[in-house]
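*Asks:* Listed below, chain by chain, are the residues.
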Amino acid sequence: TQLLEQSPQFLSIQEGENLTVYCNSSSVFSSLQWYRQEPGEGPVLLVTVVTGGEVKKLKRLTFQFGDARKDSSLHITAAQPGDTGLYLCAGGEGGSEKLVFGKGTKLTVNP
Amino acid sequence: DTGVSQNPRHKITKRGQNVTFRCDPISEHNRLYWYRQTLGQGPEFLTYFQNEAQLEKSRLLSDRFSAERPKGSFSTLEIQRTEQGDSAMYLCASSLVAVYQETQYFGPGTRLLVL
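Line by line, the protein sequences are chains A and B. Going by our numbering, the first residue of the first sequence is number 1, and it counts up by one from there. Going by our numbering, the first residue of the second sequence is number 1001, and it counts up by one from there.
Bear in mind the hints are in silico, worked out from the structure with no lab data behind them. A quick note: this is a predicted structure, and the numbers were derived from the prediction, not measured. Here a beta-carbon is modelled for each residue, glycine too, at the ideal position from N, C-alpha and C.
Sample of chain A residues at the chain B side, in silico, Cβ under 10 angstroms:
id : residue
1  : Q9
2  : S31
3  : Q33
4  : Q37
5  : G40
6  : E41
7  : V44
8  : T48
9  : L86
10 : L88
11 : A90
12 : G102
13 : K106
All chains should be built: construct the whole structure from the sequences, respecting the hints.
*Replies:* Structure (C-alpha cells):
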C-alpha cells in the first residue's frame, strides 16, 4: 500500500510569513496533486505535477515535484488569512484510478 | 460551468437505518469516484466507475455498501443497516480519463452522522 506522509500536521503563522509543507513517500507516483479543503467542503484542486523536478507556480504558491517523483513540497509566500485551510497531497498511479491521500496539513494564518 | 454536485449535503440517521447519497458528476466525465473522509484524515478510496461499469472496490467497502451508476451519469451510494462507525464525509469525484493525465474534481460531500 502506498502511503503519503505530510508534515507538519498543523501550522499556525502570522499574516505575511512564508511557509513550506511537505509530502513524502517511499513509493513513486506518476502524478501528484495538491488540494485545499475548507471545513465542511470537498477538496479543491490547486495543481497537478507529473514530471520529476517540475516546479509550478500559482500566484503566491509554488509547488515542486521531487526528481524521483516520491515527494513534493508546497511553498506559500506572504501568507494571507484566506490561505487558511487543510492542504492535502494525493498521489496517483499510472493511468488511472484511485488517489492515495496524505492526512493533510492544517494551516491557520492569523491576521 | 457546473461542478460535481452531491445530495444531500448533510444526513443524520439512527443506527440500523438505510441511507442513500447521490452524486452528479461534471457533464461528460466518464469516471466517477467515491471516497470517505473521517475527522483528521485524508479521503480514502471506496470505489470507482468508468461509465456504468464499477471497476474497483476497496476493502473498506463492506457488503453493507453498494454503489451504482446505472446510465453512466449520476451515481448513488447506499449504506444499509448503518453503524456509528459509518459517520464520515462521503465525497464524490469525477474525471475525464485521458491518455496521459487524469484530474479528479471533487464535490462538496455529504456529511453523515449515525446516532
